[in-house]
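Those sequence lines, one after another, are chains A and B.
Per my numbering, the first sequence starts with residue 1, numbered consecutively.
Per my numbering, the second sequence starts with residue 1, numbered consecutively.
Source of the hints: derived by calculation from the structure; they are not laboratory data.
Among these hints, one or two may not hold up.
[As the list claims (entries may be wrong)] Taking beta-carbon pairs under 10 Å as the criterion, some of the chain A residues facing chain B (in silico):
1. LEU55
2. PRO57
3. SER60
4. GLY61
5. TRP89
6. ALA90
7. PHE98
8. LEU100
9. LEU102
10. GLN150
11. GLU170
12. PRO211
Don't be surprised by glycine CBs; every beta carbon is placed ideally from N, CA and C.
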Amino acid sequence: MIRIERVSKTFRGRDGGAVEALREVSLEVAAGEFVAIVGASGCGKSTLLRLVAGLVPASSGTVMLDGAVVREPRAETAMVFQAPTLLPWADVLRNVTFPLRLMRRADSGTEDRARALLAMAGLAGFENRLPRELSGGMQQRVSICRALLQEPRVLLMDEPFGALDALTREEMSLELLRLWAARRMAVLFVTHSIPEAVLLADRVVVMSPRPGRVVDVVEVGLPRPRSFDQEGSDEFQRCAQRIRAHIFGERGAGGGAARAA
Amino acid sequence: MWEASCRLFGIREFILPAPSAIWAATVAVWPTVLGHTWATFLTAMGGFLASVVISLPLAMLIAASPTISAAVYPLLVVTQSIPKVALAPILIIALGANEVPRIIVTFLVAFFPLVVGAVAGLLATPPELIELGRACRAGKVQELLRIRLPYAVPFVFGGLKVAAALSVVGAVVAEFVGADAGLGYLIQTSMSFFRPSLAYGAVVILALMGILMFWAVELVERVFFPWSSGAGQPAMGA
Numbered sequence: 001m002i003r004i005e006r007v008s009k010t011f012r013g014r015d016g017g018a019v020e021a022l023r024e025v026s027l028e029v030a031a032g033e034f035v036a037i038v039g040a041s042g043c044g045k046s047t048l049l050r051l052v053a054g055l056v057p058a059s060s061g062t063v064m065l066d067g068a069v070v071r072e073p074r075a076e077t078a079m080v081f082q083a084p085t086l087l088p089w090a091d092v093l094r095n096v097t098f099p100l101r102l103m104r105r106a107d108s109g110t111e112d113r114a115r116a117l118l119a120m121a122g123l124a125g126f127e128n129r130l131p132r133e134l135s136g137g138m139q140q141r142v143s144i145c146r147a148l149l150q151e152p153r154v155l156l157m158d159e160p161f162g163a164l165d166a167l168t169r170e171e172m173s174l175e176l177l178r179l180w181a182a183r184r185m186a187v188l189f190v191t192h193s194i195p196e197a198v199l200l201a202d203r204v205v206v207m208s209p210r211p212g213r214v215v216d217v218v219e220v221g222l223p224r225p226r227s228f229d230q231e232g233s234d235e236f237q238r239c240a241q242r243i244r245a246h247i248f249g250e251r252g253a254g255g256g257a258a259r260a261a
Numbered sequence: 001m002w003e004a005s006c007r008l009f010g011i012r013e014f015i016l017p018a019p020s021a022i023w024a025a026t027v028a029v030w031p032t033v034l035g036h037t038w039a040t041f042l043t044a045m046g047g048f049l050a051s052v053v054i055s056l057p058l059a060m061l062i063a064a065s066p067t068i069s070a071a072v073y074p075l076l077v078v079t080q081s082i083p084k085v086a087l088a089p090i091l092i093i094a095l096g097a098n099e100v101p102r103i104i105v106t107f108l109v110a111f112f113p114l115v116v117g118a119v120a121g122l123l124a125t126p127p128e129l130i131e132l133g134r135a136c137r138a139g140k141v142q143e144l145l146r147i148r149l150p151y152a153v154p155f156v157f158g159g160l161k162v163a164a165a166l167s168v169v170g171a172v173v174a175e176f177v178g179a180d181a182g183l184g185y186l187i188q189t190s191m192s193f194f195r196p197s198l199a200y201g202a203v204v205i206l207a208l209m210g211i212l213m214f215w216a217v218e219l220v221e222r223v224f225f226p227w228s229s230g231a232g233q234p235a236m237g238a
């Protein structure tokens, strides 16, 4: 489905020097697969997502989607940002339908599907509220609904729960899994929370910073549907330890003392 | 207190007329005052509308390209540094003693804050919203019309409120220099005929006109762009 082949990306820094964000990154994501990308800040994970989205061009290498090279944003991808990024002037319903209206893909059933999706995300009754009347968690749910309404085959999520408090975050993770299970698109999920990555993903890609490279890909062998009960399981601990070891070196791998959240 | 001190200290009319004297002088020639008020209002409205019509496209051009911005902004600042009182007689000689130069002067006084406000709004659009538009394959025009312009609305209204108040100032400046009607003209003639109470009356009416135009803009904002006025409920908290 998604095929990233030896992609490098170099930005021109503010002082004129070149900043190497990604070096020779290769990754494949199958249709319907949930892949999380973790790494310290500055490891180019957001850049990788924007490359797949077609928002920034690669300096070298190719990103392919269904065998076609991605050069610009495509209809089959949708993106969720760290901030809800809602239109402050539009109510919840019009925010959710905004991309389809912008792409002139809205039809008579769009609104009904938007309502159904909002109801599934626990937002029934909020259709005509303005974004500023909602809490941060609700706003982010709206932005996830907005992405899902586009019926993407690839969902790109850039630290979507990064700005939420820990409790809302856990609740939203499970909700996301529920929504994903119902429609099964490929998901690329950037996060800096190791437990979150392990809980959600089929595979966790670990990246190293400056320049961003893939150092390991961890297969998560936990059965679905996932729940927080699995956090205590051996498989969960094995995956989390292995990821931690890559990110923090040996000091994180030794015992349970090091904690990343 | 104004009234009392005028009477108590016997302040003479040409220094400070008492409110009662102002009221009496104004009411005595009410139809004339009304006619002058209407003339000033038309000039102020004309200048205000010209500001809106010219400033918004100008702001879009400036926001669209740094090159245009670098070329146009210094010129705009120049227009702001020239005293409009000095410019008004020149314009009136060049364009004739009619409504056109008066509206131009009003426009010159009022348009600048509107341009600055609109440009600020257009450029304040969060980069994530722009990115969202691009991810939805929006072109430059769509991005401007569907994302940047709506986002700029609260900023534009900030500029509009200032412009509304300033357009009254502009109209009076123009009338001081060349007019045969309007409150500015009334102030000048009543001072030269030594009727300070009437001049004060005109000043009060001008102040009211400025307030009313300001309120009118605010009303439009409340009614048509309720999300912009910030009067809504605060966020419910995360």
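Are there hints from earlier that the structure breaks, and if so, what are their numbers? 2, 3, 4, 11 and 12
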